[in-house]
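Trainee: Letter by letter, the chains look like this.
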Amino acid sequence: MLVLTRKVNESILVGDSIEIMVVEIKGEQVKIGIRAPSATRIYRKEVFEEIERENKRAAEAPYVGPDRLARILEQK
Amino acid sequence: MEIETTRFGVIQYREEDVLTFPDGLLGFPNSRRYIIIDVGGSVAFKWMQSLDQPELAFIVVRPGYFRTDYNPHISDDDRKALQLDSQDEIACFAIVSVPRDPERMTANLRGPLVVNLSKRIGRQVVLTDERYTTRHPIIDEYRALASRSVQPTSNAS
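Chains R and X, in that order, give the protein sequences.
Per the numbering used here, the first sequence runs over residues 610 to 685.
Per the numbering used here, the second sequence runs over residues 2 to 158.
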């Protein structure tokens with residue numbers, strides 16, 4: 610991984626069209642600004658990891674099948 | 002066609018029923034072909050069985066059965082990956098997690114499975130919308146909606 614040192618208001622350019630700027634540093638938190646073409650999808654990495662974890666949990670978990678689920682839902 | 006699955010034994014399917022997820026699902030990149038099957042006659046809940054990994058199956062549900070206002074935004078990238086044309090029919094499913102206490106089942110509304118039904122292509126879409134979570138509780142909303150007997154909507158835009 611490339612590691613660069615930056616100060617507040619300094620930027621990094623990725624290719625021609627993506628700019629990443631350090632906007633604010635407060636204690637342990639860093640606020641980052643990103644300028645990128647609208648087609649570029651930007652996510653917190655945790656979201657991907659969370660969905661991956663949830664997929665694995667769903668694949669392991671089913672102690673009961675859909676028919677039982679439907680019956681549970683239709684109670685009450 | 003037929004496949005021997007771990008959960009359901011041998012099941013028959015037609016090639017035209019296969020849904021292809023070119024990128025797989027997150028965490029399961031090598032399982033790309035799935036079929037949706039009815040087991041036990043539930044209208045809302047189905048199994049999505051992998052054709053590439055006989056032991057892999059998910060319970061899926063259309064979010065419209067408990068959230069009529071669910072309306073995930075499909076980005077241009079996702080549309081391209083789904084080869085989505087304006088006349089194509091689209092459907093949305095959420096993967097259901099069922100813990101030991103099934104009453105606490107949840108649906109993953111943050112990473113819905115969007116399917117181009119016309120071309121049989123699917124994709125797990127990662128939403129940026131913070132309103133949706135990976136563990137959305139189902140049961141209360143489902144029961145509230147069922148008691149008003151509302152039909153599911155198509156759930157995608």
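To be clear, the hints were calculated from the coordinates, so they are not data collected in a lab.
Heads up, the beta-carbon is just placed ideally off N, CA and C, and yes, glycines get one too.
Don't take every hint at face value.
Chain X is faced by these chain R residues, among others (derived, beta-carbon under 10 Å) [stated by the list, open to error]: (1) Gly642; (2) Glu659; (3) Glu661; (4) Arg680.
Trainee: A separate judgement is required for each hint: does it hold in the structure or not?
Mentor: Consistency of the hints with the structure:
no., hint, in the structure
1, Gly642, "violated, 16 Å"
2, Glu659, "holds, 5 Å"
3, Glu661, "holds, 4 Å"
4, Arg680, "holds, 8 Å"
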